[in-house]
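The lines below spell out each chain.
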Amino acid sequence: MKLPSSDLPADRVRAWTSALDAMASAGEAAASATAEADLMAATADALAGQFADWVIVDLAPEGNEPPARGTRSVAGRHPAPRLASAVAGLPLADSPLTVSAMEQRTPRVQASIADPAELGVLPDGQRVVDALGAGSYAVSPITVCGSPLGAITIVRDRSGPPVTFLELSVLAHIADLAAAAIERFEAGETPAGR
Amino acid sequence: MSEAGPRDLSAELAQAASELLTLASASESRAMHRLVELAARHVPGCSGATAGLWKDDEPAISSASHPDLSELADVQLAEGRGPAIEARTTGRQVSCPDTLSEDRWPEFTSRALSMGVRSSLTLVHRAGHVGLTLTMYSTRPGVLDASRAPVAELLIAFGSAVMRNTSSYDAAQRTARQLSEGADSRAVVDQAKGILMVGLSCSADEALRRMREISQTSQIKVTEVARRIVESHELDVR
Numbered sequence: 063m064k065l066p067s068s069d070l071p072a073d074r075v076r077a078w079t080s081a082l083d084a085m086a087s088a089g090e091a092a093a094s095a096t097a098e099a100d101l102m103a104a105t106a107d108a109l110a111g112q113f114a115d116w117v118i119v120d121l122a123p124e125g126n127e128p129p130a131r132g133t134r135s136v137a138g139r140h141p142a143p144r145l146a147s148a149v150a151g152l153p154l155a156d157s158p159l160t161v162s163a164m165e166q167r168t169p170r171v172q173a174s175i176a177d178p179a180e181l182g183v184l185p186d187g188q189r190v191v192d193a194l195g196a197g198s199y200a201v202s203p204i205t206v207c208g209s210p211l212g213a214i215t216i217v218r219d220r221s222g223p224p225v226t227f228l229e230l231s232v233l234a235h236i237a238d239l240a241a242a243a244i245e246r247f248e249a250g251e252t253p254a255g256r
Numbered sequence: 092m093s094e095a096g097p098r099d100l101s102a103e104l105a106q107a108a109s110e111l112l113t114l115a116s117a118s119e120s121r122a123m124h125r126l127v128e129l130a131a132r133h134v135p136g137c138s139g140a141t142a143g144l145w146k147d148d149e150p151a152i153s154s155a156s157h158p159d160l161s162e163l164a165d166v167q168l169a170e171g172r173g174p175a176i177e178a179r180t181t182g183r184q185v186s187c188p189d190t191l192s193e194d195r196w197p198e199f200t201s202r203a204l205s206m207g208v209r210s211s212l213t214l215v216h217r218a219g220h221v222g223l224t225l226t227m228y229s230t231r232p233g234v235l236d237a238s239r240a241p242v243a244e245l246l247i248a249f250g251s252a253v254m255r256n257t258s259s260y261d262a263a264q265r266t267a268r269q270l271s272e273g274a275d276s277r278a279v280v281d282q283a284k285g286i287l288m289v290g291l292s293c294s295a296d297e298a299l300r301r302m303r304e305i306s307q308t309s310q311i312k313v314t315e316v317a318r319r320i321v322e323s324h325e326l327d328v329r
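Respectively, the protein sequence lines represent chains A and B.
For the record, in the first sequence the residue sitting at position 171 is 233 according to my numbering, with numbers rising by one throughout.
For the record, in the second sequence the residue sitting at position 222 is 313 according to my numbering, with numbers rising by one throughout.
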């Protein structure tokens, strides 16, 4: 059995290291969060910049399929509060990619934009993909006890390299960390180490 | 993670089937790309897919839903082993439940692990000398198994039918193009014959014999000889 080792190209080693950094940051955010809103904002902030240009964290009420309006937290690499607020105000159901990932309980990745309306359309008619300058994106559902409670979407802008399959894999693990934190909230437990 | 329920599955099947039917008049490569897109979108647990079209046991066209995954198709062709190669050879579904413990294809699993692929499922559909493989990939171990197969089986069956249709469509297009080119050639040759008959006061057979002679000595096609005669005549007329 041959495992990834020193014969890996340098860019792949850097990708793994960067992915581990992102997972550590998201893990810290999940471990220290005290409520869902806190978790969503901390996760989005932890991933924006080092892992993606934009991060969207959605949580939807349990038991609604397709997911109904929930709560959304948005963070970007560069400050753009009005845009972040506009995207945060969109209903989850307007994002077919996110809805599909949640319904199928399956992480999805798009290395290029297949459908410009896939992340929704802003009230002024501009597509979210265009507003964010998205060139690629990935989404992973947050699943608790088999139920999809939300999703984390990462967006990479057109000037950057596309989201890789490896990053999708890491995103799925980060979504698991968020799911574990939600389970902890539901069980009434306090954050780790407190 | 739980799977989608029976109602979800029916809806997915219907949607995937209807979308595949729209491929009927697409080119082979476009149909292949749509097939992997549909698999990556509609098969529960599948985060990406590759497809390979084989003609007479030779790879003809391949497609991937993500550029990283095309590397996995390439490494199999380069090494001559891997799940898609095995599925094509045996004609059977090939499952790789966990790339971390897989030892049948070390080059494939090494590359797969380095890009975060933890399991795969390959389906194959063969009809005559044409074979179609569809490999689905997951970021989780043990996620892609036979229970996921119904949607994927439907996709590959429809995909295979579409590929046969598009092959026929492409062949028909080629034949039509050849016939059209043949008709154009005959028209040019007839026009050149007429010019020679007038210019040389000879019969149609004699005019054609002259063009053939030029064709043989100059080693260019009769059609090309005729085209040059017509062009030079048009210049003279002006």
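There could be a bad hint or two in this list.
Listed next, with one range per pair, are the computed distances between beta-carbon atoms [as the list claims (entries may be wrong)]:
#	chain 1	residue 1	chain 2	residue 2	range
1	A	94	B	236	53 to 63 Å
2	B	233	A	75	36 to 46 Å
3	B	220	A	147	54 to 64 Å
4	B	128	A	103	46 to 56 Å
5	B	146	A	80	52 to 62 Å
6	B	128	A	185	50 to 60 Å
7	B	307	A	177	31 to 41 Å
8	A	82	B	147	27 to 37 Å
9	B	195	A	112	44 to 54 Å
10	A	221	B	281	35 to 45 Å
Away from chain A, derived, C-beta distances all over 12 Å, residues of chain B [what the hints assert, rightly or not]:
#	residue
11	128
12	158
13	296
14	309
The hints are simulated quantities; they were obtained by calculation from the structure and are not laboratory data.
The structure displayed is predicted, hence computed values, not measured ones.
Idealized CB from N, CA, C, for every residue including glycine.
Status of each hint after checking the structure:
A hinted range of 53 to 63 Å is violated for the C-beta pair residue 94 (chain A) and residue 236 (chain B), which are about 37 Å apart. Separated by about 27 Å at the C-beta atoms, residue 233 (chain B) and residue 75 (chain A) break the suggested range of 36 to 46 Å. In this structure the supplied range 54 to 64 Å holds for residue 220 (chain B) paired with residue 147 (chain A), their Cβ-Cβ distance being about 59 Å. Range check, residue 128 (chain B) to residue 103 (chain A): about 33 Å between beta-carbon atoms, so the 46 to 56 Å window is missed.
Between residue 146 (chain B) and residue 80 (chain A), the C-beta spacing of about 41 Å breaks the proposed range 52 to 62 Å. The hinted range of 50 to 60 Å is not satisfied by residue 128 (chain B) and residue 185 (chain A), whose Cβ atoms lie roughly 29 Å apart. Distance hint check: the CB atoms of residue 307 (chain B) and residue 177 (chain A) are about 58 Å apart, inconsistent with the given range 31 to 41 Å. Checked against the hint of 27 to 37 Å, the C-beta distance between residue 82 (chain A) and residue 147 (chain B) comes to roughly 46 Å, which is inconsistent with it.
Roughly 37 Å separates the CB atoms of residue 195 (chain B) and residue 112 (chain A), a value that falls outside the hinted 44 to 54 Å. Taking 35 to 45 Å as the suggested C-beta distance range, the pair residue 221 (chain A) and residue 281 (chain B) does not conform, at roughly 59 Å. Interface exclusion of residue 128 (chain B) from chain A breaks down, the closest Cβ pair being 7 Å apart, not more than 12 Å. Taking the minimum C-beta to C-beta distance to chain A, about 5 Å, the non-interface status of residue 158 (chain B) is violated against the 12 Å cut.
Under the 12 Å C-beta cut-off, the non-interface status given to residue 296 (chain B) relative to chain A holds; the minimum distance is some 61 Å. Here residue 309 (chain B) stays apart from chain A, with its beta-carbon at least about 50 Å from theirs, past the 12 Å limit.
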